[in-house]
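There are 2 protein chains.
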Amino acid sequence: MQKKNEVHKIAVIGGGSWATALVKILSEGNSKINWWLKDKEDVTYIRDYGRNPNYLTDVTLNLKKVRPTQFLNKAIEESTIIIFVVPAAFIGDVIERIPKGLLDNKIIVSAVKGMIPQDNLLVTDLVQKIHKVPSKNITVIAGPCHAEEVALEKRSYLTIAGESIQNATIVSELLTCRYVKASIVEDLYGVEYSAVMKNVIAIACGIARGLNYGDNFQAVMVSNAMQEIRRFVDAMNHKDRDWNSSAYLGDLLVTSYSPYSRNRTLGNMIGRGYSVKSAQVEMNMIAEGYYAVKCIHEINKQLKVSMPITKAVYNILYEKISPSVELRILEDSMN
Amino acid sequence: MQKKNEVHKIAVIGGGSWATALVKILSEGNSKINWWLKDKEDVTYIRDYGRNPNYLTDVTLNLKKVRPTQFLNKAIEESTIIIFVVPAAFIGDVIERIPKGLLDNKIIVSAVKGMIPQDNLLVTDLVQKIHKVPSKNITVIAGPCHAEEVALEKRSYLTIAGESIQNATIVSELLTCRYVKASIVEDLYGVEYSAVMKNVIAIACGIARGLNYGDNFQAVMVSNAMQEIRRFVDAMNHKDRDWNSSAYLGDLLVTSYSPYSRNRTLGNMIGRGYSVKSAQVEMNMIAEGYYAVKCIHEINKQLKVSMPITKAVYNILYEKISPSVELRILEDSMN
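These protein sequence lines are chains A and B, in that order. First residue of the first sequence: 1, per my numbering; consecutive thereafter. First residue of the second sequence: 1, per my numbering; consecutive thereafter.
No lab work stands behind these hints: they were computed from the structure. Mixed in with the good hints, there may be bad ones.
As the list makes no split between identical chains, a pair holds if one copy fits it or if it spans any two.
[Stated by the list, open to error] Under the rule of at most 25 Å between Cα atoms (straight-line distance), these lysine to aspartate or glutamate pairs were calculated in the DMTMM-like manner:
#1 LYS320 with GLU298
#2 LYS320 with ASP240
#3 LYS304 with ASP242
#4 LYS294 with GLU153
Kindly generate the complete structure, drawing on both the sequences and the hints.
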């Protein structure tokens, strides 16, 4: 479908911090980037100043390679690789707006680290369902990677997951640059589910921190979380996986331990006594884990996997059970 | 050998912060603790004030249960459970001083998280070699647990490893209290080697931090480290292990991520340009990883397991190769 070393035309769909970081990484190479942002003002601002006015505002972009646009279909039409990087809460609308056939014969990449609320679907699933994209044409970009450190050009690593090694290789080559190394793993679903679940765990870690639990507790919680993720993903899609590789463990660590993690920050505020609503208003950013925990909780009604940490976060966020009560229950269940 | 629920007489051999934390935990129960410290002055101070003058100085101990002594043989003689918790660099001398036969029919517990320099032996090995203690009488206390958080009575978890579930259970019951939960794992060697190696990794994490690498990089380093530990331990002693449990992953996390970790602090100072010598003088504490990396490096001359992180730390600490050069090599080897 794609040839190596050719100049790729890439659509980046989304205007948040991770989208901005990906545009920065991609523009280190020779690609042409059609960057779709929802708001016309932002498009105009970026055209005028070469910077995103809202996220990673210090990052200067090369406008010879990066073309911002508010026209979604045009951005997709003119590209062969389409990277979706919109918060999960809005991605459903975006994908539904795209005319049938427009995604045919393109490489579809999801950099969304969440699930579609209500539908409880991964982006990968939704694209297959609505646009009949064959799964071999889909890849997923996973971490461990905070956008903020990409902005600073700190050494980072990405994992590209996909059923087609050929397509994953194309995407990984586009995302490899001076400060980013991208590797490949043949596990679309495992990587995508792990990326979703890590945000739930990060909320739990933040809550524990907010309640003044220490480093000893967090180490045990993250170890138990790895086992919880493993149980869930294996039940959804059994496969031989190296759970200690960066795509799974690394992604969990960067989210659970870094102050850059907005999910951890949300949890921290809730642990310190903020209501969920006021924490979200204060943060002014979307914590994917907030939606993800509901999706995972609902999927697990069928699977019935033991998921004490996910359950605790769900109860705190949706059932208004006191964080300290839930954490005391967790204390006893972990080891 | 021991009966459940009886009042145990326990010798704690060592006067550092981890020894003090263990004495505190043990004295929450009904045991009598014969606490051996090297220096007479410290023994006298603790008898007078109920506090260790050098470590965890805020912790007040119950002198009805805790009897400090400078007489090693007497402490051992009067106890049925002997916990060694002396820095690895000095534990060899202590164990050699003990008269033959004195450790017979006792439960021997190692809380030392290092290897005997020169000999490249685990404490477990040394006790077997010198005192012919059968391996079923030996258990190991592993983390994830920083002494400083035990002092604050923050919720913590311990892992007790041993070949005899019965003996491990006795030790785990003694160490379970209001703020500590102790679990059992039937893997003496794996837990002990992992506990040793985590300190080497923590030095690497500290060096990376000192050189201004970020959270993205550390997440990848810790994931790669888990794989490195797994390769080494499996080569030394093959066994089915859940590498994501607290005894292995948790112990690594608490050391790699916590500012309480003295190994991480040593690495951080080296990354920021301190010489190894001046960092050690400045810290005034022993970083076990400094000795451990040499032992592991030497053992691995035979095993020839791929250990890029351990090799980098060894080269920086013992071959005086520049930290930034070694980290650049690591950057490329990891994914």
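So, going through the hints one by one against the coordinates:
Proximity of LYS320 and GLU298 under a CA criterion of 25 Å is satisfied intra-copy only: 17 Å inside one chain copy versus 55 Å between copies. Taking CA atoms no more than 25 Å apart as the test, LYS320 paired with ASP240 passes in neither setting, with 38 Å inside one copy and 41 Å between copies. Taking the shortest Cα distances, LYS304 and ASP242 sit within 25 Å of each other both inside one copy (23 Å) and across copies (22 Å). Proximity of LYS294 to GLU153 under the C-alpha cut-off of 25 Å is found in neither arrangement, the shortest distances being 34 Å within a copy and 34 Å between copies.
The earlier numbered hints that this structure contradicts are 2, 4.
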